[in-house]
Amino acid sequence: MTMADVESITVVWQLASRISDLTFEGALAGYVTALACHAVEFASRRGTSTANATVGAPADSVAAGGAVALLTREGDDPAGGADDTDDRSAAARPGWGERFGRAAVLVAGIGFTMNVLSLITRGMAAHRAPWGNMYEIVSLICAVAAGAWLVAVNRTKVRRIGLFVMFPIAVLSFVGGTVLYTPAGGLVPALQSYWLVIHVLAVAISSGMLMLSGVASAMYIVRTRHDRRRGSGADPRSVLDRLPAPDILDKVAYRTAIVAFPLFTFAVVAGALWAEAAWGRYWGWDPKETTALVTWILYAGYLHARATSGWRGRPAAWISILGFASIMFNLFVVNMVVSGLHSYAGLN
Amino acid sequence: MPPRDSIAARNDEDLLESHSARNGPRGTLARGLAMLRNVWRRLTSMRTALILLFLLALASLPGALLPQWATNRAKTAQYILDHPDWGPWLNRLGFFNVFSAPWFAAVYLLLFISLVGCLTPRSWELLRQIRTGPPATAPRNLSRLPHHATVTTTGDATAAGQQVADRLRHTGVGGWRTATRTEPDGAVVVAAEKGYLRDVGNLIFHFSLVGLLLSVAVGGMFGYEGTVLVTEGDGFCASSPIAYDDFRPGPLVNPTTMTPFCVDVDAFHAAYTPQGQATTFRADIRFQAGADLGTDTWQRRTLEVNDPLRFSGDRLYLLGHGYTPTFRISYPDGQVRDYAQPFAPEDSMFTSQGAIKVTDPPGYSQADLRKNQLAIVGIFAPTAVVRGGIMSSGFPSLLSPGVAVDVYRGDLGMASGIPQSVFAIDTAQVANGSLVKKAHANLSPGQSVTLDDGTKITFTGAKQFVSLQTSYDPAQDWALISVIFLIAGLMASLLIKRRRVWYRIRAQSTSTGPTGGLEIEVGGLARTDQAGYGREFASLVALASSKQASPAGDRPATAVKGA
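Chain order of the listed sequences is L and H.
Each residue of the first sequence is one higher than the one before, counting from 1403 in the working numbering.
Each residue of the second sequence is one higher than the one before, counting from 87 in the working numbering.
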């Protein structure tokens, strides 16, 4: 290989690294924009009436005309408490909430695509699987969570929890891109193993999916509490009425969990197999291993609780939330605060 | 709310009631037995299992949050020193040894007893269900089920029932188990169920958990780990625990049956990025075991991180590496001896700390020996950088090695029998004046320091050492097998759906007699997860309405009255 070849390859690597950083910023921008659109959707009273599905080209000019008027209106009343006249005209075309909601999903889709692109170019720049440090893992988790959300939103009517799904994704990718950011580089020998590819990928995919499950469970708690209060005569016009019905939220949480839980189990097992090859034992009660076991027990408990009378509904949802909390604890606190063998944070 | 699967949901409460109603008070023995039975039912109930499960998670937490004796002795000791109020109490209660604490064992043993107690009867029940298929009875009112439809067609009720059953048996993966019966009023009932594999998977999952626990227990009892530091050019033979610097056996290990083997470390290679981050570690070793022992036959092999050497049940790992500074000491009587001792790495640049202890300096009488022992204590740096009088390392490889050492002479205090760290001297000996600091020097290779009695200490350079570990776990293959079954069972139990469907086929008749028409009522029940049963149910209804002779897809005129 000539010197010129080496140089051109290095240029390609640097370019890939640069593209990766840019697309990651794009993904973050996409997630934040989606978050904002969902916030508008959530706060907007119009379009809450179930799926005004009269979409069509002829309505476009009307919609464009109405846009200005409505935006000023919303500006006048930022609390989102638009009055009844809005509701009457809403039936004719998709309301603003509906439009922003659709836009949010579209933008989230763009963010997801950018996120995936960022991971691919990162892998090219570092010539390895792009999940070797905290920044990359967080980026991967965000991509999986966003992907799972896009699947869920296309299959079930849960778009109205979008605000609460995009929020942790946006926060996590922001933290990833700032605090955790590490330039593309090689791996220490301890991480140079095909088990890294398998184990960390499985952990990240299951964590990303369980994030969606955890948000759905949290929203289930919020929604059922609201329903109880409303039963005792609270304000019937609360924004919380716009959350999807509890059974839909429960379904989303459960279906995501039953796919993610076997995968998480596999991730722990793959970790044990790697530990056997690297540290001489498949299980050694390292803080990371112990916390993973706690997470596993919590999700096993969630699935059992959902099938046990007296534990269904809210108790099960709380367990699912705890399970996700322990995943985040394992990702951040155990890596950065507790000292153990899993100190691959790459932050020091 | 659809009725739940009594098996999956473990509605033990109903069971409890029906049984306790039968247990009348018939003497103390009967009462005692009844109580025992009650305790057993409580223990094996889902609620108890769930509570035990959460207790297990809760009990594991201190193991993750507090330092543990088993994984980090130094940190644990420091933690107890730093927290004199509660540290000793936590220690007494086993919080620094969570995973061998009796309360932890109590939780998981109770959980597994509960598990086995619950699983065993369920296994028999499932076997019975699989053998007999679904009961040939149908709910009286099919229209009350979550899924139902009524179709009308023509033909003979018995033939239609036969046809439905045949088709069901050949539908989908694994097909349906069916049972047919004619009700007293002449209606033909076809009952069908599928998804038994879900419960089979569920049982496999739980029994694999028990298998995994047993494997872990056997491994803990009969397994061992031994670590040893070996400097390049040296070797070690593992035939007994004495060969290791640190040996951690399970309580039932018989040291005389350990696999003997010998290892020589020829060289260690490490490569680093310009920033000092390691890119590769590799040890060239020669290895012999079995019949080769005692001969000159060696197998050459490269040992790497993540790539252990596996032989007859044992595994040999490269865990870490560091530096072994070498010194030459010229004694006042003219004798010259070489010394080498691994120093413990303190940071990522391999600033290392250690001590060379000379317990038997030559040229002294037995009586004077204890007054003239030597210790070279201090810092070794592969790339020495001295800042503010403190030496540290600027790069992890051997570019410009240096040592910053104190030289002590006197009694090292080894005779007391208290084990000492190989990396440090007993500071109590310094404090009580038995061991006296004679010199301090920062040395480069070839440089030396001379003591008042003429002893000349020359820093001659450094070699690398590797930290090797032997691991033995006789049950680890069983753990792997358990865990493979565990995942397979888990996936089956979560992803396979258990479904039931009933067909009630009645000949239509008016007051004048049979019309030749058939009314087929179909009812469906998802015994576990409702997801996707709607669409599947539609095809089950279609299966009843299509006529025998007609090919699939060409449906006769039938009226479907759905829910």
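One thing to keep in mind: the hints can contain errors.
To be verified - If you want a taste of the chain L side facing chain H, the calculated C-beta under 7 Å gives, among others:
no.: 1; residue: Pro1664
no.: 2; residue: Val1671
no.: 3; residue: Ala1672
no.: 4; residue: Thr1692
no.: 5; residue: His1706
As the list claims (entries may be wrong) - Pulled from the structure, derived: some chain H residues nowhere near chain L, Cβ distances all over 10 Å:
no.: 6; residue: Arg123
no.: 7; residue: Arg128
no.: 8; residue: Ser146
no.: 9; residue: Gln154
no.: 10; residue: Phe333
no.: 11; residue: Pro394
no.: 12; residue: Arg401
no.: 13; residue: Gly475
no.: 14; residue: Pro505
no.: 15; residue: Leu537
no.: 16; residue: Gln562
Claimed, not checked - Beyond 10 Å from chain L on every Cβ pair, some chain H residues (computed):
no.: 17; residue: Arg133
no.: 18; residue: Leu139
no.: 19; residue: Ala156
no.: 20; residue: Thr157
no.: 21; residue: Phe185
no.: 22; residue: Arg217
no.: 23; residue: Thr257
no.: 24; residue: Met307
no.: 25; residue: Gln363
no.: 26; residue: Ala364
no.: 27; residue: Asp393
no.: 28; residue: Tyr403
no.: 29; residue: Lys443
no.: 30; residue: Ser557
no.: 31; residue: Leu576
Hints listed in this document are in silico derivations from the structure and should not be mistaken for laboratory results.
Quantities reported herein were computed from a predicted structural model and do not represent experimental measurements.
Cβ atoms here follow ideal geometry from the backbone N, Cα and C, with glycine treated the same way.
Do the hints match the structure? See the list:
For Pro1664(L), the suggested interface contact is upheld, since its CB lies about 5 Å from the closest CB of chain H, less than 7 Å. For Val1671(L), the shortest C-beta to C-beta distance to chain H is roughly 5 Å, which falls under 7 Å, so the interface hint holds. The restraint placing Ala1672(L) at the interface with chain H is violated, with a minimum CB-CB distance near 10 Å, outside the 7 Å limit. Given hint, Thr1692(L) at the interface with chain H, holds; its Cβ is 4 Å from that chain's nearest Cβ, closer than 7 Å.
Taken as an interface hint, His1706(L) checks out: its beta carbon lies about 6 Å from the nearest beta carbon of chain H, inside 7 Å. Every C-beta of chain L lies more than 10 Å from that of Arg123(H), the closest at about 21 Å, which supports listing it as non-interface. At roughly 14 Å, the least C-beta separation between Arg128(H) and chain L is larger than 10 Å, which holds for a residue marked as non-interface. For Ser146(H), the shortest C-beta to C-beta distance to chain L comes to about 5 Å, within the 10 Å cut-off, and the non-interface label is violated.
The beta carbon of Gln154(H) sits about 6 Å from the closest Cβ of chain L, which is not more than 10 Å, so the claim that it is off the interface is violated. Non-interface call for Phe333(H) relative to chain L: holds, since the shortest CB-CB distance, roughly 13 Å, exceeds 10 Å. For Pro394(H), the condition that its CB be more than 10 Å from all CB atoms of chain L is violated, with the nearest at approximately 6 Å. With a least CB separation of 7 Å from chain L, Arg401(H) falls inside the 10 Å interface cut-off, contrary to its annotation.
With a cut of 10 Å on Cβ distances, Gly475(H) stays outside the contact zone with chain L, its closest approach being about 25 Å. Listed as a non-interface residue, Pro505(H) keeps its Cβ farther than 10 Å from every Cβ of chain L; the least gap is roughly 24 Å. The Cβ of Leu537(H) sits about 40 Å from the closest Cβ of chain L, beyond the 10 Å cut-off, so the non-interface label holds. Against the 10 Å criterion, Gln562(H) falls within the reach of chain L, whose nearest CB is about 6 Å from its own CB.
Its closest Cβ contact with chain L, about 7 Å, brings Arg133(H) to no more than 10 Å, contrary to its assignment away from the interface. Under the 10 Å C-beta cut-off, the non-interface status given to Leu139(H) relative to chain L is violated; the minimum distance is some 5 Å. Its beta-carbon lying about 6 Å from the closest one in chain L, Ala156(H) breaks the requirement of being farther than 10 Å from that chain. The Cβ of Thr157(H) sits about 6 Å from the closest Cβ of chain L, inside the 10 Å cut-off, so the non-interface label is violated.
Once the 10 Å rule is applied to beta carbons, Phe185(H) is inconsistent with being away from chain L; the minimum gap is 5 Å. Every beta carbon of chain L lies more than 10 Å from that of Arg217(H), the smallest distance being close to 25 Å; the non-interface claim holds. Every Cβ of chain L is farther than 10 Å from the Cβ of Thr257(H); the closest lies at roughly 24 Å, confirming the non-interface assignment. Every C-beta of chain L lies more than 10 Å from that of Met307(H), the closest at about 14 Å, which supports listing it as non-interface.
At the 10 Å boundary, the C-beta of Gln363(H) falls inside the reach of chain L, the nearest C-beta of that chain being 6 Å off. Its closest Cβ contact with chain L, about 5 Å, brings Ala364(H) to no more than 10 Å, contrary to its assignment away from the interface. At roughly 7 Å, the least C-beta separation between Asp393(H) and chain L is not larger than 10 Å, which violates its mark as non-interface. Listed as a non-interface residue, Tyr403(H) fails to keep its Cβ farther than 10 Å from every Cβ of chain L; the least gap is roughly 5 Å.
Consistency note on Lys443(H): stated as away from chain L, and its beta-carbon is indeed over 10 Å from all of that chain's, at 29 Å minimum. Remark: the non-interface label on Ser557(H) conflicts with the geometry, its nearest Cβ contact in chain L lying 4 Å away (cut-off 10 Å). Distance check on Leu576(H): its Cβ comes as close as 5 Å (rounded) to a Cβ of chain L, failing to clear the 10 Å threshold; non-interface status is violated.
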